[in-house]
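K.L.:
As a plain string of letters, each chain reads:
There are 2 protein chains.
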Amino acid sequence: MRVGVFDSGAGGLTVAKSLLQTPLFDEIIYYGDTARVPYGIKDSNTIIRYGLEAIEFFNNFDIDLLITACNTVSAYALNDMREVASYPVYGVIEPGIWALEKKGINKDANILIIATRATINSKRYQIEIAKKGFKNIMALQTGMLVPIVEEGIFEGKVLEAMLEYYFKDIATPDAIILGCTHFPLIAKSIKNFFHNKPILIHSGEAIVEYLLSLGYKKLPKTPSMQIYASDNVKNLRTIAKKWLSQ
Amino acid sequence: MRVGVFDSGAGGLTVAKSLLQTPLFDEIIYYGDTARVPYGIKDSNTIIRYGLEAIEFFNNFDIDLLITACNTVSAYALNDMREVASYPVYGVIEPGIWALEKKGINKDANILIIATRATINSKRYQIEIAKKGFKNIMALQTGMLVPIVEEGIFEGKVLEAMLEYYFKDIATPDAIILGCTHFPLIAKSIKNFFHNKPILIHSGEAIVEYLLSLGYKKLPKTPSMQIYASDNVKNLRTIAKKWLSQ
Chain A
177 MRVGVFDSGA GGLTVAKSLL QTPLFDEIIY YGDTARVPYG IKDSNTIIRY GLEAIEFFNN
237 FDIDLLITAC NTVSAYALND MREVASYPVY GVIEPGIWAL EKKGINKDAN ILIIATRATI
297 NSKRYQIEIA KKGFKNIMAL QTGMLVPIVE EGIFEGKVLE AMLEYYFKDI ATPDAIILGC
357 THFPLIAKSI KNFFHNKPIL IHSGEAIVEY LLSLGYKKLP KTPSMQIYAS DNVKNLRTIA
417 KKWLSQ
Chain B
177 MRVGVFDSGA GGLTVAKSLL QTPLFDEIIY YGDTARVPYG IKDSNTIIRY GLEAIEFFNN
237 FDIDLLITAC NTVSAYALND MREVASYPVY GVIEPGIWAL EKKGINKDAN ILIIATRATI
297 NSKRYQIEIA KKGFKNIMAL QTGMLVPIVE EGIFEGKVLE AMLEYYFKDI ATPDAIILGC
357 THFPLIAKSI KNFFHNKPIL IHSGEAIVEY LLSLGYKKLP KTPSMQIYAS DNVKNLRTIA
417 KKWLSQ
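As you go down the protein sequences, you meet chains A and B in turn.
Taking this note's numbering as reference, the numbering of the first sequence is continuous, increasing by one, and the terminal residue is 422.
Taking this note's numbering as reference, the numbering of the second sequence is continuous, increasing by one, and the terminal residue is 422.
One or more hints might be untrue.
Where chains are identical, the list cannot tell them apart; a pair therefore holds if satisfied intra-copy or between any two copies.
Claimed, not checked - Pairs of lysine-lysine residues, derived as DSSO-like cross-links and limited to a Cα-Cα distance of at most 30 angstroms, are as follows:
| # | residue 1 | residue 2 |
| --- | --- | --- |
| 1 | 417 | 344 |
| 2 | 397 | 299 |
| 3 | 299 | 410 |
| 4 | 333 | 373 |
| 5 | 333 | 308 |
| 6 | 307 | 367 |
| 7 | 333 | 364 |
| 8 | 364 | 344 |
| 9 | 308 | 410 |
| 10 | 367 | 410 |
| 11 | 279 | 410 |
Calculated from the structure, these hints are not laboratory results.
Note that the structure is a prediction, hence the values are computed from the model and not measured.
Looking at chain A on its own, in the form it has when it is part of the complex:
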């Protein structure tokens, strides 16, 4: 089976990595819309349009299902994409929330969602988590962490100053939803900031577990992976080499 993985740029590589670590598919076709990255600062109509254009891109490949690794696209464009696609399309929000329940987190626990401005403004995480009976939900837009991760900064003073900026007035949460695919790369620093107490929900791990729960089977062989981009694909392949070995 051939899976498409769509992301606004490089972030979705953290989801691809999970699909390489726990093989469910024979082939991964990764497409990053690097010519228009980032999506998380953009308008809902623009994000929907970009999501639909990704479906057009994948028309050239004979994929069996599509994973929208980008949380922002998952928040806004999933229904529109599902309407035009001829294969199932999965986002990362539903699996993330499913993982939150699966980990047995108490309904009274403090849940912190961190994501881009667009994802937070969509309220998709907040509404769906509240529906599951969780009572203490906090949502925070932490979009500046994206370019920092893109720069390859995964620890150190700049990141610490940024975490301090975002989290200084926030009590240690019991669980943090990493609502942006870039954030797994700084998961350690985020966890450290809160004295290693919170459980972190990672989109890549969540989608793999979610697909397994739907009946997809673990394969014995690591999938092959092709990488495409709307902009300089060499650049994305260089980042992929670096990130996939992190």
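Following the hints, complete the assembly by docking chain B onto the known chain A.
P.N.:
Using the frame of chain A, we list chain B on its own:
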């Protein structure tokens, strides 16, 4: 006369501001390609394509000249844009270098250029400044400052950590070219970091002085200004209100 000001997003508002402070035109038509911002992390072919599409946008307006406020576009797309436009197109790189000479900066002075990755990689500033006889030129990509300015952070710990990250090993320069239109908003912090010693070159001020030198005349009345965007224009208008009053 009606001038078009094109930028990848909000950054060019610092150039528009200079045109409001020193009126040379009756009307300003500002267009920010906010659906695809930022350009500075993108490939040259993509940037050229976006520049040409901006010319198409301005075909709907009867402009007398176009100022490409974005340094990245100025570095890559100016010639292509000039070929298809039916009016003069000015970038900000040539005026910036002109301003450097105009300020009487010594040819032995240490010149630091800070800009996005794409602008620095184009080597446009470096080559043109060297042609003028300047001997000590250093170029540094400081792209993470862009999202910080977009977030509205113009001072404080996050910015200081970022300046420390970029500048910690750099001797105090005599002049700094702010090679990205976002940077004038943090000019004070940058100057402070270097103990207020360097002379700063600001694209907006430079283009105004440059146009005056070409014979454009100062008008008695502040121009009217219209703002357009490829994405949510409300957002850009809100930023404009805030920045233009800074």
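K.L.:
Against this structure, judge whether each hint is valid.
P.N.:
Structure-based check of each hint:
{"no.": "1", "hint": "417 x 344", "verdict": "between (34 angstroms within a copy, 29 angstroms between copies)"}
{"no.": "2", "hint": "397 x 299", "verdict": "neither (38 angstroms within a copy, 45 angstroms between copies)"}
{"no.": "3", "hint": "299 x 410", "verdict": "between (35 angstroms within a copy, 20 angstroms between copies)"}
{"no.": "4", "hint": "333 x 373", "verdict": "both (21 angstroms within a copy, 26 angstroms between copies)"}
{"no.": "5", "hint": "333 x 308", "verdict": "neither (37 angstroms within a copy, 38 angstroms between copies)"}
{"no.": "6", "hint": "307 x 367", "verdict": "within (26 angstroms within a copy, 51 angstroms between copies)"}
{"no.": "7", "hint": "333 x 364", "verdict": "both (14 angstroms within a copy, 22 angstroms between copies)"}
{"no.": "8", "hint": "364 x 344", "verdict": "both (17 angstroms within a copy, 26 angstroms between copies)"}
{"no.": "9", "hint": "308 x 410", "verdict": "neither (42 angstroms within a copy, 34 angstroms between copies)"}
{"no.": "10", "hint": "367 x 410", "verdict": "neither (32 angstroms within a copy, 36 angstroms between copies)"}
{"no.": "11", "hint": "279 x 410", "verdict": "neither (38 angstroms within a copy, 41 angstroms between copies)"}
Against the hints set out earlier in the document, violations occur for numbers 2, 5, 9, 10, 11.
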